[in-house]
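Modelling step: build the complete structure from the supplied sequences, incorporating the hints.
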Amino acid sequence: MEGEQVPEPAREGAVEMVGWLELAEEDSPSVAVASFHEGAVPKSITSDEFLPGHLREILGVNDNENRYARDAYALAVILGTREEGRGIVGLIVPSFNSAGDPVKPSRLLLAGLSGKELAARVLALMEKSEKKRNGPAGGGGQGFGALRPGAELISRVSVTAFRDYLMSPRYFYFRRVLRLKEVEDEPGELSAMGFGILIHSVAGAFARAGSIRESHQEEEIFHFLKEELARQVKKQFGRRPKAALGWQIEMAEERLQAFARVQARERAAGWKIIVSEEEGAEEKRAEVGLLDSQGRTLIIHGRPDRMDQNEKSGRWRIVDIKTSSSAQAPDRAHCGADGTWKDLQMPLYRELAPMVLGKKGKEWNPGLCDLVYFQLPKDGEKAGISQAMSEGVITGAMEKAKEVAGCILDGKWDGLGELDGESVHPTFLALCGQAGIPQEAEEEGEE
Numbered sequence: 001m002e003g004e005q006v007p008e009p010a011r012e013g014a015v016e017m018v019g020w021l022e023l024a025e026e027d028s029p030s031v032a033v034a035s036f037h038e039g040a041v042p043k044s045i046t047s048d049e050f051l052p053g054h055l056r057e058i059l060g061v062n063d064n065e066n067r068y069a070r071d072a073y074a075l076a077v078i079l080g081t082r083e084e085g086r087g088i089v090g091l092i093v094p095s096f097n098s099a100g101d102p103v104k105p106s107r108l109l110l111a112g113l114s115g116k117e118l119a120a121r122v123l124a125l126m127e128k129s130e131k132k133r134n135g136p137a138g139g140g141g142q143g144f145g146a147l148r149p150g151a152e153l154i155s156r157v158s159v160t161a162f163r164d165y166l167m168s169p170r171y172f173y174f175r176r177v178l179r180l181k182e183v184e185d186e187p188g189e190l191s192a193m194g195f196g197i198l199i200h201s202v203a204g205a206f207a208r209a210g211s212i213r214e215s216h217q218e219e220e221i222f223h224f225l226k227e228e229l230a231r232q233v234k235k236q237f238g239r240r241p242k243a244a245l246g247w248q249i250e251m252a253e254e255r256l257q258a259f260a261r262v263q264a265r266e267r268a269a270g271w272k273i274i275v276s277e278e279e280g281a282e283e284k285r286a287e288v289g290l291l292d293s294q295g296r297t298l299i300i301h302g303r304p305d306r307m308d309q310n311e312k313s314g315r316w317r318i319v320d321i322k323t324s325s326s327a328q329a330p331d332r333a334h335c336g337a338d339g340t341w342k343d344l345q346m347p348l349y350r351e352l353a354p355m356v357l358g359k360k361g362k363e364w365n366p367g368l369c370d371l372v373y374f375q376l377p378k379d380g381e382k383a384g385i386s387q388a389m390s391e392g393v394i395t396g397a398m399e400k401a402k403e404v405a406g407c408i409l410d411g412k413w414d415g416l417g418e419l420d421g422e423s424v425h426p427t428f429l430a431l432c433g434q435a436g437i438p439q440e441a442e443e444e445g446e447e
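Each step along the sequence shown adds one to the number in the numbering used here, with nothing skipped, and position 48 is 48.
None of these hints come from the bench; they were simulated from the model.
As the structure is a prediction and not an experimental result, all values here were calculated from the model.
Where is the CB? At the ideal position from N, CA and C, for every residue including glycine.
Straight-line distance between alpha carbons at most 30 Å, and here's what the computed BS3-like set of lysine-lysine pairs gives: (1) LYS402 x LYS362; (2) LYS378 x LYS272; (3) LYS312 x LYS272; (4) LYS43 x LYS116; (5) LYS312 x LYS360; (6) LYS362 x LYS272; (7) LYS272 x LYS382; (8) LYS226 x LYS272; (9) LYS382 x LYS342; (10) LYS360 x LYS402; (11) LYS234 x LYS181; (12) LYS242 x LYS378; (13) LYS226 x LYS382; (14) LYS272 x LYS360; (15) LYS312 x LYS382; (16) LYS359 x LYS272; (17) LYS359 x LYS400; (18) LYS342 x LYS181; (19) LYS359 x LYS402; (20) LYS342 x LYS378; (21) LYS342 x LYS402; (22) LYS43 x LYS104; (23) LYS181 x LYS412; (24) LYS181 x LYS235; (25) LYS378 x LYS234; (26) LYS359 x LYS312; (27) LYS402 x LYS412; (28) LYS362 x LYS312; (29) LYS116 x LYS104; (30) LYS400 x LYS181.
Simulated restraints on C-beta separations: (31) GLU254 x VAL15: 36 to 42 Å; (32) ALA269 x SER390: 19 to 25 Å; (33) ILE88 x ALA124: 14 to 20 Å; (34) LEU125 x GLY246: 52 to 58 Å; (35) ASP414 x GLY295: 23 to 29 Å; (36) ASP414 x ASP101: 22 to 28 Å.
Structure below.
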């Protein structure tokens with residue numbers, strides 16, 4: 001069995017997506033074909049300086065006539081196998097392609113028709129085009145038009161969701177209100193986000209590991225972290241992960257080595273882990289009401305990566321682990337140099353602290369608490385605990401949080417904002433009108 005590929009188990013309720021050429025062999029009773037317009041189906045190449053159409057015909061190379069015949073046959077098979085109540089075929093004819101350019105319905109929709117049938121089909125297609133002639137809604141002529149949000153309202157959000165709203169209310173709506181998420185095949189290596197999640201997961205296991213989290217010894221801490229990393233990689237990628245994952249594991253070990261060094265130093269200075277993320281189901285439900293400017297309540301919930309207390313001074317600190325390539329102070333990460341708010345996470349965690357610590361039987365004094373990052377940048381020498389967030393930024397963040405809370409309670413999802421293409425999945429970029437529909441690679445052997 002070694003070397004054999006095992007297909008991914010089917011997900012309940014999942015809709016399978018296949019290419020146009022594979023659809024003719026698909027046995028599902030109901031199918032939908034997207035982008036059924038000229039240029040896509042049938043695919044056409046209008047100019048090629050090296051292989052023009054006439055030369056392709058002489059050489060026997062695939063040309064537009066062959067593609068038309070191929071796609072006409074595929075459509076006949078798709079329709080013929082679902083006739084007489086055996087299934088349903090939906091042909092989706094957009095007015096604009098992924099680049100925002102107007103397109104015509106596929107001529108295959110008119111193939112084989114004549115007389116009144118042909119006239120009726122042409123009139124039907126013209127009527128639909130007339131209704132859509134004003135262009136893609138919200139797209140401004142650039143890319144796929146942003147989908148309009150509905151009127152759904154919510155009254156409970158996570159602390160981390162505020163960053164999504166600040167970035168784009170429309171993105172917040174799709175991700176946090178409708179709870180849309182991208183379903184992908186299991187990766188053979190880690191994405192940038194996956195890398196950060198893995199480091200967080202290993203560090204979280206350390207924070208919950210009982211006696212080892214009390215250690216002052218760097219090597220002892222790193223030994224635990226390295227074993228935990230290997231365990232999680234094996235669980236996620238199996239016994240024989242792909243070669244591309246090897247260097248990512250080495251990078252993760254370097255970050256964890258820096259973590260061990262800083263953690264040993266901080267523990268020796270009296271800082272003790274009291275609360276860690278995902279420590280218990282009851283604590284994961286920590287929530288509190290946030291009042292907006294009108295006195296309405298938005299329930300916020302969440303948990304910081306860690307809450308540490310200094311055994312010598314009694315001071316607290318809320319700790320968030322950061323694995324970005326370069327270290328950034330909490331003040332600047334939350335509010336840009338131009339005064340634009342980018343995140344509200346740490347001040348909102350402080351709002352949740354009394355409930356979290358109350359379940360631990362600990363007293364809470366906001367005047368004795370710092371909001372800091374445990375920074376693990378690419379350069380391990382720069383790893384460490386950041387400067388604490390300033391009170392001025394905390395105060396400003398809470399004012400902004402009240403404003404955003406009011407917008408969420410009012411269901412204001414229209415703003416498109418500006419999404420970060422590196423951290424936001426291309427599908428969400430398309431839904432928010434900031435990119436074209438993600439395209440599959442050119443089919444092998446097409447040319």
